[in-house]
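The chain contents come next:
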Amino acid sequence: ETGVTQSPTHLIKTRGQQVTLRCSSQSGHNTVSWYQQALGQGPQFIFQYYREEENGRGNFPPRFSGLQFPNYSSELNVNALELDDSALYLCASSFDLFMDEQYFGPGTRLTVT
Amino acid sequence: QQQVKQSPQSLIVQKGGISIINCAYENTAFDYFPWYQQFPGKGPALLIAIRPDVSEKKEGRFTISFNKSAKQFSLHIMDSQPGDSATYFCAASGQGAGGYNKLIFGAGTRLAVHP
Numbered sequence: 001e002t003g004v005t006q007s008p009t010h011l012i013k014t015r016g017q018q019v020t021l022r023c024s025s026q027s028g029h030n031t032v033s034w035y036q037q038a039l040g041q042g043p044q045f046i047f048q049y050y051r052e053e054e055n056g057r058g059n060f061p062p063r064f065s066g067l068q069f070p071n072y073s074s075e076l077n078v079n080a081l082e083l084d085d086s087a088l089y090l091c092a093s094s095f096d097l098f099m100d101e102q103y104f105g106p107g108t109r110l111t112v113t
Numbered sequence: 001q002q003q004v005k006q007s008p009q010s011l012i013v014q015k016g017g018i019s020i021i022n023c024a025y026e027n028t029a030f031d032y033f034p035w036y037q038q039f040p041g042k043g044p045a046l047l048i049a050i051r052p053d054v055s056e057k058k059e060g061r062f063t064i065s066f067n068k069s070a071k072q073f074s075l076h077i078m079d080s081q082p083g084d085s086a087t088y089f090c091a092a093s094g095q096g097a098g099g100y101n102k103l104i105f106g107a108g109t110r111l112a113v114h115p
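Chains H and X, in that order, are what the protein sequence lines are.
My numbering puts the first residue of the first sequence at 1, with every later residue one more than the last.
My numbering puts the first residue of the second sequence at 1, with every later residue one more than the last.
Here chain X stands alone, though its shape is the one from the complex (with noise of 0.2 Å):
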């Protein structure tokens, strides 16, 4: 019930493009949905999240949609650029579901844009 469960493996879009991410998750204790992006050699740097009280949220050409009933949420990248290359992980984590703080990570998805 801990798991986060992330699709697809690896992603490859065309620059211009856009890139679509999917996670689902069964503890409805979540409350606090990350994505955060990694390069390879580095740590992941977060890159939005969102709250179970809204259906999506967007900064930039990165928005997040949010299903709580399906409890499933996505990330989209508009207009994918080749430097948006790089493995995407989405996460959660709750009060309820095992503390503050304490990141359930997805498997990630890596994503080639070509040019």
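The shape of chain H in the complex, shown without the other chains (with noise of 0.2 Å):
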């Protein structure tokens, strides 16, 4: 069984640029969150995905949007990247939307300058 792996594990973008973050949910897993976590703080939910159809949104923008694949792997795009979008970006893969348990990739670390 392979755990939830992410990519690119660096990026860096200047503002105003696009990007896309990657990422493979833990086998068998068919719903995923992307959390951002800025430098020493904790990780704010961004989205959630189940089955391919966005289920539930945190205080994000439009500009932060995601995909959820068929085989449950998923993106997350920013467009129009701010300085404060430099962060730490998570996903996080569960078993089921009714199971609380979440595990979490290694993260994309996106720098902005």
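Treat the hints with care, as some may be off.
Some, not all, of what chain X presents toward chain H, calculated at C-beta under 10 Å [unchecked claim]:
(1) Gln-6
(2) Gln-95
(3) Leu-103
If you're looking for bench data, these hints aren't it; they were derived computationally from the structure.
Glycine included, C-beta positions come from ideal geometry on N, C-alpha and C.
Combine the two chains into a complex, taking the hints into account.
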């Protein structure tokens, strides 16, 4: 059984650019959540996908969008990058929507200059 | 009402001592309370979790104490080791508080265990 994987590990972008981050869920997990963790803070919920549909969103603007694919892998897209978007982006998977346990990937460190 | 408040911000403990980290919440719809451990450059790892129907849960050296009436829960690390040095996050979620799997995290506690 493989754990949650994310790519890339690190990324440097310029303000105004667009970025796509990728996540592969733990085997058998159909629910993926994305979190943003600013330096020195706890993760903040961005949105969640269940069976390819968005199932809830945190307090993030529409320029944060996502996708979940039939194999339950997922993407986070951020448009019009701002300096404050610099953070560790984490994806977490759960076996099912109604299972509480979430398992996190190692994250993608995004730096916006 | 969605906040989870965590204290202390940082903690220094001698090897073999007990580390205690506290969290408080407001939303009574929360019904799942996990603790995560995070090492630098890594994602959070699920350590232990509790639901409101029990007051204590123990797994190895890690114990969660839960006080439903006070809306508080805490993590106790017994016989703390230098390898326990990490940042610890409490979190909460619930179907009636935004939904399953939508964790609200505390701000974190940086634990240093000195040999």
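Evaluation of the provided hints:
The interface hint given for Gln-6 (chain X) holds, since its Cβ lies 8 Å from the closest Cβ of chain H, which is under the 10 Å cut-off. Look at Gln-95 (chain X): its Cβ gets to within about 8 Å of chain H, closer than 10 Å, so that hint holds up. Satisfaction of the interface hint for Leu-103 (chain X) is found here, the shortest Cβ-Cβ separation to chain H being roughly 6 Å, below the 10 Å cut-off.
Of the hints listed earlier, there is not a single one the structure fails to meet.
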